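J.: Each chain sits in its own coordinate frame; assemble them with the hints.
Chains as they are written, first to last, in my numbering: chain A, 1 to 235; chain B, 1 to 595.
Keep in mind the hints are simulated off the structure, nothing from the lab. On a predicted model such as this, the values are computed, not experimentally measured, just so you know. Here a beta-carbon is modelled for each residue, glycine too, at the ideal position from N, C-alpha and C. Take the hints with a grain of salt, since some may be wrong.
Derived coverage of chain A by chain B (criterion: at least 3 residues anywhere in the stretch with Cβ under 8 Å from a Cβ of chain B; other residues may be distant) [to be verified]:
1. 28-41
2. 82-90
3. 168-182
Listed next, the in silico EDC-like pairs over lysine to aspartate or glutamate satisfying Cα-Cα at most 16 Å (straight line) [unchecked claim]:
4. B:K584 - A:E171
5. B:K584 - A:E28
6. A:K3 - A:D23
7. A:K3 - A:D64
8. B:K584 - B:D574
9. B:K584 - A:E197
10. A:K3 - A:D154
11. A:K3 - A:E28
12. A:K3 - A:E26
Only some residues are given here: those of chain A computed to face chain B with a beta carbon under 7 Å [stated by the list, open to error]:
13. Q163
14. Q193
15. V196
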Amino acid sequence: MLKVSALSVTYGGLHALDAVSLDVQEGEFITILGPNGAGKTTLLKAISGALPMVAGQIEYRGRDIGRLPSHARAGLGIAHVPEGRRVFPTLTVLENLVMGSYRAAARARRAETLETVFALFPILRERQRQVAGSLSGGEQQMLALGRGLMAQPDLLLLDEPSQGLGPRIVETIFEVIAEIRRSRRITILLVEQRVVEALELCDRGYVLETGQVVLHGDREALLRDERVQHAYLGA
Amino acid sequence: MPTTLSRRASALLPFALLALAGLVLTFAIQERYHHRILTLTLVWATMGLSWNIISGYAGQISFGHQAFFGIGAYVTILLIVHLGLTPWIGMLVGAAAAVLAAVLIGFPTFRLAGIYFALATLAYPLILRIFMDFLGYQEVAIPMIRERAWVYMQFLDPRAYNLLVLAAFLAVFWLSHAIERSRLGYWLRALKENEPAAEAMGVDTFRCKMAAYMLSAAPPAIIGAIYAHAVLFVVTPDAVFGLLVIVQTLVVCLVGGAGSKWGPLLGAAIMVPLSETLDMTLGDRFPGIQGIVYGAALVLVMLFAPEGLYWRFRGLLVGRRSAPAAALQPIASPQPDAAAPRAVATDGTPILEAHGVSKAFLGLRAVEDVSFVVRQGEILGIIGPNGAGKTTLFNVLNGFLLPESGEVRHRGQPITGLRPNRICRRGIGRTFQVVRAFPHLTVLENVMVGAFVRDAAEPDARARASAALARIGLETRADLLPTGLTTLDLRLMELARCMATAPELVLLDEPLAGLGRDGIEVMMALIRRLRAEGVTVAIIEHTMHALVRLADRLVVLDHGRLIAEGPPAQVTRDPAVIEAYLGKRWLRHAEGLRA
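With the rest of the complex left out, here is chain B (with noise of 0.2 Å):
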């Protein structure tokens, strides 16, 4: 096909003019000195890239990357000594030490929120290096051999370590961009943008994180290798566990910027070159000035560009994508094929049960002993005062919280105790209250994270991800940002991220919440067409007036009990209900009605 031969290409030019820049400088450059520049430039953009890759593209800061370096290097180094083995078979066996490094720090923190991974991460290289020290390691020459020196990565010449680096630089640099365009990409952005929604999306948000740490932990082992043997030559735990390699790699990529493969190539083309320069020039007539200039230049792109150079061009190139609805013509309500009424059928046979299932918060009692059956076609209205734990429940069926006591079981098998994410690939979806998008992601891109996980490559996801768009009549804000979307379209893209999963089931909370009477109505036209598609709703909604009309059956919650449970017309003439939660206008509003 055209398009993909095109979108080929386009992928590889970029890759291409790389190379060809990285051979030319290569050759065109005459001194020693400056091949080590260049050397160096390269070698601080793949760690920048490899970095980016959990820290960048995931968001799980990484502080102690130079880990990897470490290991990398000190594991070649000490086959080579102790083994006579080549480094070009070393280094893979250092990339799979890092590999399972970064699986022992993985496992146990990536279950746990927010900064356990940046601090264990902080902890590893201190670790090694004392470690080594330990072992007696503080000084591990290379040992010199003459004879077949390639073998042992041994050149004379230093444009063939130059070559080497390119080729990992290369190499990484593929890496990311395949990331990038991938399903794990998409994921990883969208964990890193809001971890809870992308489980409810479906998103095994612990297997991503161990995927990208993972592939972010090789290739510094392969580039600590090639580094020791091209510039250190004796290997010290402070040359390779050090800080000065986390604060380089760090420095690459907040110049730069960190979530895009060109931001630590930006950063290092930059900062590297420069502080070589300062050392050489300045440093050698007024030692020490040139740390002074070199903070001088890092604090003005802080200040200019905070979140990278990388992104400061984009930003002014592209402009920002984010409009208000406002200016945009207000959307066309999506084919609203009059109102599928409650001719659906349901046949009655429960598609998710609930056996007295209680969930307590610090001993406040938010939802107990509740029992229900949601029934496959219906529409079944979850109703109840603030506070009463309505939302609570929906978070013990989609696995966010795990209930005290009782089950939950879908289609007949208990799926409490499962991870949000494999509730969701089961087939039961859900919306939130106040909607969670992933800012940084487009429209189109924050439905593809529900799509990928029913189609693992790009294009495919992206072809679910338009038709469900399509279907919900917001295909013409596809391309913008989420920010400054109104309440209607933003609830409607939440519901076409959830659709794009293909539910068989889906928990809404409040979709009506926030919307004027149209969107009201779009939106209840899209939750019938939904059922008459053959897909069960589950909805909470304070929005009776609606909910009366849309509903087969309710439930109703108060303190986290089930207080009431019947048909819409029975349950809202309940006086425990209208004492607990409707109130006497709904009563007087109600009479008025049957008068």
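Chain A on its own, in the form it takes in the complex (with noise of 0.2 Å):
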């Protein structure tokens, strides 16, 4: 579904990334691991268009999609929740997911997917009339995620979701992300410091390292390596 093929971006003149390579299948749930500073973040930016690539190949589908603006690449069905928690804070919540459903397969289940949300979330039901710039970190952590759902996405890049979250909130997260992964309608990037609970989710992982692809394999492969045991897993 998604084949990137020597990917590099640079920041004035310094390599972010360097000839990444990753391919994912429809339906597959993949995570990214690697430390502060390894290019996670870059690497799902310059797959949805944020940041401009400088060497290399996107394929989206059997389509070049690497010089196309980030809204043709939303269009296409890709969604990014960045980190950080990026809300329209002036508006409301609800205006908030609203904004996320404007693709045309997204516009005509508007109805339906908000109503998923919200039980995903109740508490954005309840804050619905509020400005999202009010609400705790958190629930705009939650808000961003309940956007990218909102765009029926074929392929969903979920920044750190779980960060800055209470426990039992991230324990809601992942249940999400676990019951959108089962549904498999949605294929998922997912980016996570929370390794345990990420790669317990996952099919495959990548480990990025100084903008390299060093480690990839499949979950029990990841499980078993004494590199991710040692670095990520704390064994």
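T.: The following block contains the structure:
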């Protein structure tokens, strides 16, 4: 479904991503691991078009999307939930969610999706008339994820959805993600610092370090890998 | 010291070169008309520099700077007409009047955020114009005085005016230079980038803005008075309070680049001769076309150098200093002096107390009747579900928010209602959930903003900031811009900035959020070391496995209320806390640990 080949991204002449390649099948759940500064966020941004690439190719369903602007990629069904709660602070919760569903495929089923999102995050239903800027950090995070789901995406790019959330909400978030995964309708690329949970959910994973893929494999292989155990699982 | 000497010299050199260039031009130029262009160039460069102090450095946009220009011109001329006072003294009176006028607008508007200041400045010259008309000063001519003409600033030789304007320009250029190097300059840049963060780092933003505005009001009055003598001869409201004055000032700054002493000079040196020459050449043959060419030049500059020519050239020469940390070596972890464990005894003295604090937003009760103490030398964890009011509580403690009821005491004294910068100066520092960097300041300069609270002199603050960076292991990042730094680097930078204010208590809002395993260990080692050095820590955090190892005590908030308090082992077994916050998974995990 998604094929990234030899992708390079630079900031000010220095490589943030250096010839990264990865392959994602329809319906797969991929997790991306790596320390701070490894380029995980950059990778998601390059795929969604938020950052330009300097070399390589991004193929989505057989189509070269590497030069498309981000709104065109969103139109093809790629939804990016960036880290750090990028909600529209002066719009209400409901308006934020509706903003997520302007893609033709999503607009038709807006009411239905909205119900699903509210069922997943009841607090958002309670607060739907409140402006997003007045939500707490964690609620904004839920709103950002909810907005991503409103797009009825085929490929969902999740950047640290659990960041800054309390343990119980994190549980909820991971339950939501597991739920999405069970349906197998949405392909997911997840960047997460909560490695245990992320690995539990994923089919396969990639480990990035200083802008390069240093390891990839299926869940069992990664869980068995000594380096992963040492660096990320604390074994 | 040789370093300070060479710093002095490097500061004096451009100043000396500018003075020399001004003198050479003054005496090399032969035609009266060219003298006029030189005078105008320096007049608008000076106006630009003045505007730049409040709007470039401090980021408070003034649309009415001609008010001060006009006040200077009118006060000076009216003093000649009515009292026969020499303009040399009159223009100082004009400058004082302009500063007073600045205080009158600044005082009510600088306490409000955003656009009020700009709106007020827009109205000011309009009011003054009407006022002058009302007083019957539609046209005030400077009386001709033949004998002792120099006493009345009346010269036949245009070079005299050139020199006069040159002196004024050099003075304001030097003032700008001094501001850029001073504590005020750093603080202005910081508050321009992020005002709440600056306040929390001990910057009295209101006073800084007032100081900048007063400093930027005096020179236009002087230059207005000189302009009246050198160019106008007859002062009208339109000529000194009119749109043309502010438009020239803005054009000079936008073309040259705001935020640097070189920008307005560069802008004036290009745009003023250009418009004058166009008037003379093209304008003579095709009347009106000079405006079109001038406008086109302006559009071109805006397209190719939207930040101004100075920043464009500088960017080409220096290159951007932001770099992805991915390409840098991972930071050496800050000498992890084997985690000084709970050895530090807390003597139980309350350092900070909250008594019945409540805060609501539009009827939503964010914090309700919360009382707790932070004890000297402890690490206090504050936990609770998202939206429980933890950050709101921090905002009340550090002065961002005023509680509806209740009181906060620091070392027994009430601090409720104090502004954040006062609370910071008392020794209470804080960091933010989403890092609030000053993006156009380097990492070192970011930290210096905090260091200036304790050291007024720039070299001292620089040394303090460098030391704070070194202690945290971030010295290799000192000269980078925050853009492109990793989450860990940014969180460390913010911690260093907070530590540079020399706090005895720090409020850390989710310092571990977004950090990987290694990052969490680095940050935890640092927090433990802070405590070992005698700093008390209150920390909001969701990373429970880390917090239970770190904190001496936990307090738990839920729906704005305090629901539990005690040592971590006890609190994390509390059924109410598990129900509200930790969840079943945590329970299973904890039982697994116990088994």
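J.: None of the hints should be skipped; say for each whether it holds.
T.: Hint by hint, here is what the structure shows:
{"no.": "1", "hint": "28-41", "verdict": "holds (count 6)"}
{"no.": "2", "hint": "82-90", "verdict": "holds (count 3)"}
{"no.": "3", "hint": "168-182", "verdict": "holds (count 4)"}
{"no.": "4", "hint": "B:K584 - A:E171", "verdict": "9 Å, holds"}
{"no.": "5", "hint": "B:K584 - A:E28", "verdict": "28 Å, violated"}
{"no.": "6", "hint": "A:K3 - A:D23", "verdict": "5 Å, holds"}
{"no.": "7", "hint": "A:K3 - A:D64", "verdict": "9 Å, holds"}
{"no.": "8", "hint": "B:K584 - B:D574", "verdict": "12 Å, holds"}
{"no.": "9", "hint": "B:K584 - A:E197", "verdict": "15 Å, holds"}
{"no.": "10", "hint": "A:K3 - A:D154", "verdict": "15 Å, holds"}
{"no.": "11", "hint": "A:K3 - A:E28", "verdict": "13 Å, holds"}
{"no.": "12", "hint": "A:K3 - A:E26", "verdict": "11 Å, holds"}
{"no.": "13", "hint": "Q163", "verdict": "5 Å, holds"}
{"no.": "14", "hint": "Q193", "verdict": "5 Å, holds"}
{"no.": "15", "hint": "V196", "verdict": "10 Å, violated"}
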